[in-house]
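Asks: Chains as they are written, first to last, in our numbering: chain A, 5 to 113; chain B, 295 to 410.
Do not take every clue at face value.
Below, a list of computed lysine-lysine pairs in the DSSO-like style, where the Cα atoms sit at most 30 Å apart [as the list claims (entries may be wrong)]:
1) B/K313 x A/K72
2) B/K316 x A/K60
3) B/K316 x A/K74
4) B/K313 x A/K100
5) A/K74 x B/K334
6) B/K332 x B/K313
7) B/K303 x B/K347
8) B/K334 x A/K100
9) B/K332 x A/K40
10) A/K100 x A/K74
11) B/K312 x A/K72
12) B/K316 x B/K334
13) B/K334 x A/K71
14) A/K74 x B/K313
15) A/K60 x A/K72
16) B/K316 x A/K40
17) B/K335 x A/K100
18) A/K40 x B/K303
19) A/K100 x A/K60
20) B/K332 x B/K312
Because the hints were derived from the structure by calculation, they are not lab data.
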Amino acid sequence: GEDVEQSLFLSVREGDSSVINCTYTDSSSTYLYWYKQEPGAGLQLLTYIFSNMDMKQDQRLTVLLNKKDKHLSLRIADTQTGDSAIYFCADKDDYKLSFGAGTTVTVRA
Amino acid sequence: DTEVTQTPKHLVMGMTNKKSLKCEQHMGHRAMYWYKQKAKKPPELMFVYSYEKLSINESVPSRFSPECPNSSLLNLHLHALQPEDSALYLCASSQLAGTGYTGELFFGEGSRLTVL
């Protein structure tokens, strides 16, 4: 697998926007993904972006991809308490999905 | 149906026991995966099956034995495990390349294993 790095913690006030950042090294990645994991649960696919896209918006989620800098970000608008979770970015190399370390997002009232 | 179902949700076993984890999907996916996840860490790939054949083994110890009886089922047989094998074991499935392929993996809720 390839290296995927992301910041470990983010604290955000309810109603504000959250931005989670990720960098990856595999320039051949076709798709990049964001997964959410709530405590004690499995991984839920939030969204993905095709590598020839710069941006993808899906309701409160906006994914930005800077392929030149190999930088991926996930913006969550109007963050709610239910958004508290660990967020993993991931890229795919053939069959292997390589995850970043995960960003723990804590939403405070 | 976009679910991957894993059983049991929780399992406690001794180091001499033999047990199995089970995974089922009915999305018609022909790739299935086992991942191991320790607390506060990302999932680590263990095995990949494509078209019911083992295609990737990430140097997993032989005390873990995967089996894919058919395209919907994936098992992980456990024998003589160690306490450090305690973890959340996640099953996932995905399409293989073809029309509409986007490569995402669909994960189950996991089986939390404790080895005493």
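Asks: Taking the numbered hints from earlier one at a time, note which ones the structure violates and give those numbers from smallest to largest.
Replies: 1, 2, 3, 11, 14
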